[in-house]
Structure formats: C-alpha cells, structure tokens
Amino acid sequence: EWLSIDHDAVNRACGRTDRFTLAGCNPRPFEQLQFLRGTADLYMDLTDPPPQMVAFMATLHAFYCDLLETWARTDVDALRIMDDWGSQRSLLISPAMWRTYFKPMYRDYVQIAHATGKKFFMHSDGHILAIYPDLVEIGVDAVNSQLFCMGVEQLAPFAGRITFWGEIDRQRLLAFATPDEVEAAVRHVHAQLWRDGGCIAQCEFGAGAQPANVECVFSTWDNLGG
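Numbering (this note's numbering), first residue to last: 1 to 226.
Keep in mind that the hints were calculated from the coordinates and are not lab data. There may be inaccurate statements among the hints.
[Claimed, not checked] So the derived label-pair ranges between C-beta atoms look like this:
1. 196 x 115: 20 to 30 angstroms
2. 16 x 96: 20 to 30 angstroms
3. 176 x 111: 15 to 25 angstroms
4. 62 x 187: 43 to 53 angstroms
5. 116 x 17: 17 to 27 angstroms
6. 176 x 219: 17 to 27 angstroms
All C-beta atoms in this analysis are idealised placements derived from N, C-alpha and C, irrespective of residue type, glycine included.
Build the full structure now, drawing on both the sequences and the hints.
So, in structure tokens, the structure goes:
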C-alpha cells in the first residue's frame with residue numbers, strides 16, 4: 001500500500017506551489033527495527049547479528065529503496081528519511097556499528113535521490129556529532145538535528161558542507177527562555193552555521209513552547225535574511 005501513491009495528485013500539488021516540496025515518506029530503518037524487535041533486544045542483536053536478522057534488514061532496506069524510488073518518480077524537490085540516533089550525550093550505538101550496518105543503507109537512499117536530481121533531507125534527534133562527517137561524506141544535503149544538544153560551535157566545522165535544517169532548542173529555550181535569549185540563540189546559529197546559505201529557518205515546537213518565543217525565532221531569521 002505504501003508503494004502505491006497517486007503520482008498525478010502529487011505532481012499537481014507540486015505544480016500548484018513555488019515552494020520547496022518534500023516527499024511524503026519517512027523511511028526509518030533503525031526505529032522500525034526497534035518497533036519490531038524491541039530496543040534492548042535490537043541492541044543485543046546488533047552486537048552479533050543472527051542470520052535471520054541480517055536477512056530481514058536486507059528485506060527492510062529493499063522496501064525502503066522501493067519506497068524512495070516511488071517518490072523519486074514524482075515532482076517533489078527532495079526525499080527524506082528519519083531515525084533518532086542519539087541520546088542527549090552520544091549515539092545510541094557505537095559509531096563503528098552505525099557505519100557497518102546503517103551507513104551503507106543511507107548511502108543507497110542518498111544515491112536514489114541524487115540520481116533523479118533531488119535533494120536528500122534527514123532528521124535525527126539526539127547527540128549525533130560522531131556521524132556528521134559520515135553524513136557529509138555520503139552526500140546528505142540537509143540534516144535536522146538538535147544543534148544545542150551537541151553544541152553549535154562543535155558543528156561549525158561542517159558549515160558550508162551540509163545544510164542545517166533548522167532547530168532552536170525546544171527543550172529549554174522555546175519553553176523557558178525570554179524572547180531576548182531566543183533572539184540571541186538564533187543569531188548565534190546564524191553566526192556559526194550560516195555559510196553560503198547553510199541554514200533553513202525552521203524550529204519544531206509543541207504545547208510547552210511559549211508563542212512569543214516561536215514568533216521570535218522566525219522574526220529574527222527574517223531580520224537576518226534567512
């Protein structure tokens with residue numbers, strides 16, 4: 001069912017707007033494996049994957065490739081995936097394990113997008129600084145991640161090499177800070193990461209966010225020309 005989309009309807013929607021359009025899909029191999037196996041059991045499996053697990057991961061990957069190829073045949077501007085890879089301090093699995101099992105999958109996903117002239121966007125919550133070089137290497141165009149969890153200054157070396165797809169600290173700043181503090185945070189992101197237009201003015205916010213702070217995020221970006 002997920003592989004059957006109304007291409008004409010998607011293309012009509014794309015044709016009615018001059019805005020950048022993202023595909024309506026979100027492959028998430030790491031999270032899907034957790035949903036099916038359970039997080040703790042998956043971590044154990046990845047230390048020494050049984051043959052059945054390896055075979056299933058290949059099947060899951062093939063399905064996600066088919067899904068992305070389906071969307072790549074439409075007029076959307078970018079394909080996207082999501083997987084929450086980090087805790088607040090580090091990756092949830094070792095970088096070596098990520099590179100062994102998941103980096104090759106992600107490389108294939110990026111290639112599907114680029115082969116059809118589309119950009120590739122990715123979302124991950126948590127502290128994922130350890131794999132930023134890998135995301136740049138395989139050609140991810142834009143990543144939505146928790147900048148303040150990792151430290152904006154720590155991400156500055158990647159400015160101009162990957163686009164930072166938004167995010168202003170929703171755990172503290174949007175909920176508890178003053179608008180002046182939020183404005184300072186946006187300006188800090190701009191100063192550190194805006195190189196050759198390398199930021200997208202986006203932030204995720206929920207019920208706990210102060211409306212004035214959310215408004216401040218976007219008004220500050222507007223004033224900065226973002």
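Next item on the list: Just pull the numbers of the violated hints for me, sorted ascending.
Entry: 2 and 3
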